[in-house]
Amino acid sequence: MPEDSPTGPADLPSVVVERRVEWQDTDAAGHYHHSAVQRWVEAAEAVLLRRLGVGDLFGRIPRVHFEADYLERLWFGEAAYIRLRIDRVGTSSLHYSFEVRGEHGVAATGRLSVVHCPPDHKGASPWPDEVRTALSRGGPQRPESYT
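In full-length UniProt numbering, the protein residues as written are 1 to 147.
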């Protein structure tokens with residue numbers, strides 16, 4: 001089975017989740033904690049997987065890689081827009097990219113990788129055909145707001 005998705009990048013799913021930077025996301029000075037980005041991206045992943053009909057995967061596919069570049073501050077009360085996109089569906093892995101935007105432009109960018117490890121297997125396992133199809137198609141999903 002090829003590592004790259006059988007469909008073109010335009011067909012790969014993505015979602016934008018809007019949220020407000022809350023107190024628990026910030027430090028005493030009011031700008032966001034870097035760990036908030038990881039929580040926001042994982043929340044966007046939950047939305048995307050649910051939209052694709054494979055929401056039961058969330059919490060069962062371990063994160064094997066997370067990287068982020070922090071480019072701009074986000075402040076308490078500011079709207080944050082998290083765009084999560086599937087970049088590649090591997091044999092047993094899933095690779096995302098993300099961008100977090102605030103009122104002053106791009107605040108963070110990065111990548112997240114997960115791997116399919118069913119509980120009845122001792123390691124990574126290929127995606128079932130129906131899951132691979134769901135992860136490989138669907139294009140941009142409608143935005144979701146939590147403000």
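Hint data in this document are derived by calculation from the structure and do not stem from the laboratory.
The beta-carbon is built from N, C-alpha and C at its ideal position, and this holds for glycine as well.
There may be inaccurate statements among the hints.
Label pairs and their calculated CB-CB ranges [what the hints assert, rightly or not]:
#  : residue 1 : residue 2 : range
1  : Ala-29    : Arg-51    : 29 to 39 Å
2  : Lys-122   : Pro-143   : 35 to 45 Å
3  : Asp-120   : Leu-71    : 21 to 31 Å
4  : Gly-77    : Gly-139   : 42 to 52 Å
5  : Glu-72    : Ser-125   : 17 to 27 Å
6  : Gly-59    : Glu-18    : 16 to 26 Å
7  : Pro-140   : Arg-63    : 22 to 32 Å
8  : Glu-18    : Gly-139   : 37 to 47 Å
9  : Asp-129   : His-34    : 35 to 45 Å
10 : Gly-30    : Gly-53    : 37 to 47 Å
11 : Gly-53    : Thr-147   : 19 to 29 Å
12 : Asp-11    : His-31    : 32 to 42 Å
To test your reading of the hints: which numbers does this structure violate? 3, 4, 5 and 8
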